[in-house]
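Please model the complete structure; the sequences and the hints are all you need to start from.
There are 2 protein chains.
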Amino acid sequence: MKILTSIAAALLLPLAALAQTVKSPDGNVSLSFSLTGNGVPTYEMSYKGKPVVKPSHLGLELAKDRHASKGIHETSLMDGFTETNSKTSTFDETWTPVWGQFGKIRNHYNELAVDLLQPQTKRRMTIRFRVYNIGMGLRYEFPQQDALVYFVIKEEHTQFAMTGDHTAWWLPGDYDTQEQETQESKLSEIRTRFHDAVNWGNSSVAVFSPTGVQTALQMKTQDGLYLNIHEAACINYATMHLNLNDKNMVLESWLTPDATGMKGYMQTPCNTPWRTVAVSDDARDMLSEANSMIYNLNEPCKIKDTSWIHPTKFAGVWWEMIVGRNSWNYTDEYPSVKLGQVDYSKAKPNGRHGANNEEVKKYIDFAAKNGIDEVLVEGWNVGWEDWANHYKDYVFDFTTPYPDFDIKALNDYAHSKGVKLMMHNETSSSTLNYERHLPAALNLMNEYGYDAVKTGYVGDIIPRGDYHFSQSMNNHYLYVVKEAAKHHIMVDSHEATRPTGIGRTWPNWIAGESARGTEYEAFGGSRPDHTVILPFTRLQGGPMDYTPGILETQLKTWSNNPSYVHTTLVGQLALYLVMWGPLQMAADLPENYAKYDDAFQFIKDVAVDWSDSKYLEAEPARYITVARKAKGSDNWFVGGKCNEAGHKSTVKFDFLDKGRKYEATIYADAKNASYDKNPKAYVITKRTIHKGDVLQMTEASGGGFAISLKAL
Amino acid sequence: MKILTSIAAALLLPLAALAQTVKSPDGNVSLSFSLTGNGVPTYEMSYKGKPVVKPSHLGLELAKDRHASKGIHETSLMDGFTETNSKTSTFDETWTPVWGQFGKIRNHYNELAVDLLQPQTKRRMTIRFRVYNIGMGLRYEFPQQDALVYFVIKEEHTQFAMTGDHTAWWLPGDYDTQEQETQESKLSEIRTRFHDAVNWGNSSVAVFSPTGVQTALQMKTQDGLYLNIHEAACINYATMHLNLNDKNMVLESWLTPDATGMKGYMQTPCNTPWRTVAVSDDARDMLSEANSMIYNLNEPCKIKDTSWIHPTKFAGVWWEMIVGRNSWNYTDEYPSVKLGQVDYSKAKPNGRHGANNEEVKKYIDFAAKNGIDEVLVEGWNVGWEDWANHYKDYVFDFTTPYPDFDIKALNDYAHSKGVKLMMHNETSSSTLNYERHLPAALNLMNEYGYDAVKTGYVGDIIPRGDYHFSQSMNNHYLYVVKEAAKHHIMVDSHEATRPTGIGRTWPNWIAGESARGTEYEAFGGSRPDHTVILPFTRLQGGPMDYTPGILETQLKTWSNNPSYVHTTLVGQLALYLVMWGPLQMAADLPENYAKYDDAFQFIKDVAVDWSDSKYLEAEPARYITVARKAKGSDNWFVGGKCNEAGHKSTVKFDFLDKGRKYEATIYADAKNASYDKNPKAYVITKRTIHKGDVLQMTEASGGGFAISLKAL
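Line by line, the protein sequences are chains A and B. Position 212 (the first sequence) corresponds to 212 in full-length UniProt numbering; numbering is contiguous. Position 232 (the second sequence) corresponds to 232 in full-length UniProt numbering; numbering is contiguous.
In case anyone wonders, no lab produced these hints; they're calculated from the structure. Incorrect hints may have been included.
For chains that are exact copies, the list does not tell them apart, and a pair is met inside one copy or across any two.
[Unchecked claim] Subject to a maximum C-alpha distance of 30 Å in a straight line, what follows is the list of computed DSS-like cross-link-like pairs (lysine-lysine): (1) K648 / K595; (2) K64 / K338; (3) K671 / K348; (4) K604 / K302; (5) K122 / K348; (6) K604 / K671; (7) K486 / K408.
Only a predicted model underlies this, so the values are computations on that prediction, with no experimental measurement involved.
Below, the structure is given as structure tokens:
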């Protein structure tokens, strides 16, 4: 450890006296920039006087341009810079998101923009810092210039030099998936834990370094500071991972490559996404302010009329397939199918096809009865017989239903009951095929009255060799969102890249998966702390379609699946608060909700969009307690969720309107409840609550609580 | 040489006595199949009793399937086969092509289909041979079966074991281009000639082996046999190259990979393209029968109403840009442009933009006056400022004209004069971008009355890492052709893969480039023998848009370009016969045709589609003389073209109608003409010709002759 320290000291000297400094509006965050050594852009950051990012280098390594003559084209944007100008400014604006945790978001920062020149190449680059009370964002900007028109990024080298061996909640860096279990360890332990982490749950696909991790990376220092590194506005750029140098605890950007190994294709004028570091001595700020900073660093909404974008609660023909009782595919008759060649009307049905008229009607009736807006139907369209993992180009046409799914009649039936069907477009990651059929797919949605689509990207990307998180794939996801917007269709993208706040700019990108969702509870389970980590990590950039609400936690009660859900029943209710987002599923079967109809009442009641959110307490991987006010209503909802250790929560109702009475329905774990031994033991009580009241809630192992507060 | 022979003998033993043999209808071609060694599929082929392909192995090497468990999935389809069944049959049918060299084509072959089983894996495969009088085609077929559903081809190992060190006319094998100069050498000399071949004319992009060559590969044996190896119906498969083992003179298939290095993604039931070997002791058969065999091995026409597909003679705003006098782009003001962000109406014009209203009108007038059907206009649409070689995704939108190109007014003007404009869609190889815009592009064509589009694929393919001749790109080209067919649009694809007779099935794929075209005459030139090689090689699979008709062979007379055309002026006229195809350009400027209006008369007169073709004489890279009868007419046209050695041709008019008089106009090189010293010296004479007449024509160095015969 002594050696480590001296190496770090030698590599990263304090910034020169010439450093320029900009502070957050409240003065707590301080950011300094200077050129060090041979003109290397360098920054450092402190919080309340404590260093949180030690001097860290900034720069981009460029690939040799095969079309350019040798020489300066091979020079990277790493060093040799001089500063030609710098500007500081202040910005303060409050804006209204279309959906989210807050009804209003204040975007208040002090900015430092440093103009750099690389005299050898005559290339110019600006580094822009925005310093918020919660941390900072920085990005590289490349103005239009003759000396730098097109360039190829071999790697971005943005450093985040940590001040010590922090505790980190990390996912193995992976170019294709974020569906692993989060690991909790010291930074120095990542290397030894990596192998197990990759194999845990067998979810890793394309890892690249034994110290590579994903963002958002949540950390905690030994003196109690919370740090979160992520990115904002990742547009026309590859998703960033972080690679740790565990000799000196420097994290460095590591972009997702394309099939050729290159990581970015740029044309000036252009810029990178924002690289963000959030910092606070209060973990709750990671869940509120840090998330708002990501949105603030994105562009304002580009959709003029957003009236068609609405928060949505939905049920779906889905869990019964995930658990294995029914199937997406219609027939088991053929080794494989070729669309347009197989005649499904003559194929032998396998008798387990979930998306049949009768089953869908059952869900429509269920939704209509319980005030659920939409019904997702997966497996409605031909091609599921051999859809995954075959490198098959033409796997779906996105328009042809199976013979037992009457698309017109079912939509008509749903509409007659005030319910909508939700479209499902699994692409099998054959993105070129999806783009070829996208116009027809969107026209079909408009024709039958769908206003939302769940997209999926399971399996290896086609074009082959590309990765889920590359620049080209990020462009694809946004292309689909933009095309969908033209048709007034909301998008919920599964297996796409993790969000970076683009939902501010394109709010019809209403949710995404991009993490380990509830489905894994049917594949052996996720750890009980999973859902008190995700809000610190995956949800930094935007909401998740986590598909909560599995009240029948024992799957074997209705299927052959031996798995069980790793929360208590009440813990499932808490997820509607803890895992915020305007798209929320009631994912269990109607018959299971009928079994627990008193608990199901909370799912029926809970809002899914908020005018305010108050985090009452939070600690990564331990517990989160949050109160949220329903948008357009005076009702509040409170949820608490904890890890396997259980948790005692003191809920102070300070946030309620003074003098007002609230009818509270309290859903609590029973005394002897636990996620693994007694998950379905719960107690529902009602009482009146006023501002200032205090409730002591006891959360079971893997449990939680949920409270609805109806303003009287 | 002694060593070579003994190695060859040791490697390739004669087939076992159990061989099955099928002969061509005329008995000249004999094909034998058997399993040799450890169940290795093996064939050999003879012509008039002489071996032409020695025992050669057949098989495919499969890639390990990352989604399959280990074991049999890694077993290739190379050996371990037993024969379970075989069938022979005969086929004889005459069909009518939509366009081409012949009004009718007879498809007459004897077939042998061998069903193979690999007992270890339970996989089944059929090898089908079709034996024609001109040679044979073979392909692999994979029936639907449980043991082989999806598979990935690492390499196809189809051998063509040559009987000696033949003379070959070859292009360096290349995954991205066919625009090199053809090399003439012994097979054994390829390796030593390869480096020079690759660098000659600087056209090679992605070579893979120092003995890798392209198809169609034309060869000549020491005892005067002509051999041609190519492929037919390359659909949903990578383009085949050949790699030579120059120790034993075995050529072997070498497919074009994708970005991951894999070469084919297959789903049963499926088959490979046909691998063809044409053989004759008469070189003329290589130009007629061999070409017909390629078409015969393709599927019949899939377009029901072909009335909108028509032979087309066209002029174009093109040569003036190729030569460098004018530009495709509108402005030189910006280092680069971003569509939708640059305002062209405010950009400073460079004053050299070719596709301006005035210039296009000049070409429309020229076409109308001279009976030319269409006018191609390149550079009409925004984006040309930085279109090539930047790995730029969104380079064109295919719908937005430059401010000085009034798309409506110009089409209206053209139509008022009985002329059509021809659309141009250069994709810059950003194929995903083209597919995104293809619906709008085709709608635009329909809206303004275009019925043909010249597509272009210059530069590196996007998706990056892919190659021009890969399976996915071959699928792209055909996708565009099929989508265009829905809009009644003919396609002329440039820089696409070389044709394999798919024009029979999709006759709206009316032409392609896919070889070194006339443009290279402006880039330093092509050898004079170039156009007496291409009909043996490039044209085997379909017609070429060679853009002939450059009568002003000295470019410096009207530009700053020091290049000159490497034919005589009359040699250019001959190309309309020698380089057959239903799409023919009159590529020179109107003012140049005005200078040589008597010679231009031939271009005005010559037909571009034929009811019959008679090759009077031919020798690869030496000379070709052909007589063709205009479709729907009794007129004939005769053309001769030769290499730099000049040629004396005796034209016997045996093919004319008996007793009929023909008014002949004879365009001949003047006595002292030569392509390099005196190219524009020509003599035009008229006389009456009857069947049986004989003309002695003297072709200059790099020259030729052309005769139009008007039936009286």
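The hints, checked one at a time:
{"no.": "1", "hint": "K648 / K595", "in the structure": "within (28 Å within a copy, 98 Å between copies)"}
{"no.": "2", "hint": "K64 / K338", "in the structure": "between (43 Å within a copy, 23 Å between copies)"}
{"no.": "3", "hint": "K671 / K348", "in the structure": "neither (51 Å within a copy, 78 Å between copies)"}
{"no.": "4", "hint": "K604 / K302", "in the structure": "neither (32 Å within a copy, 56 Å between copies)"}
{"no.": "5", "hint": "K122 / K348", "in the structure": "between (69 Å within a copy, 25 Å between copies)"}
{"no.": "6", "hint": "K604 / K671", "in the structure": "within (25 Å within a copy, 97 Å between copies)"}
{"no.": "7", "hint": "K486 / K408", "in the structure": "both (23 Å within a copy, 27 Å between copies)"}
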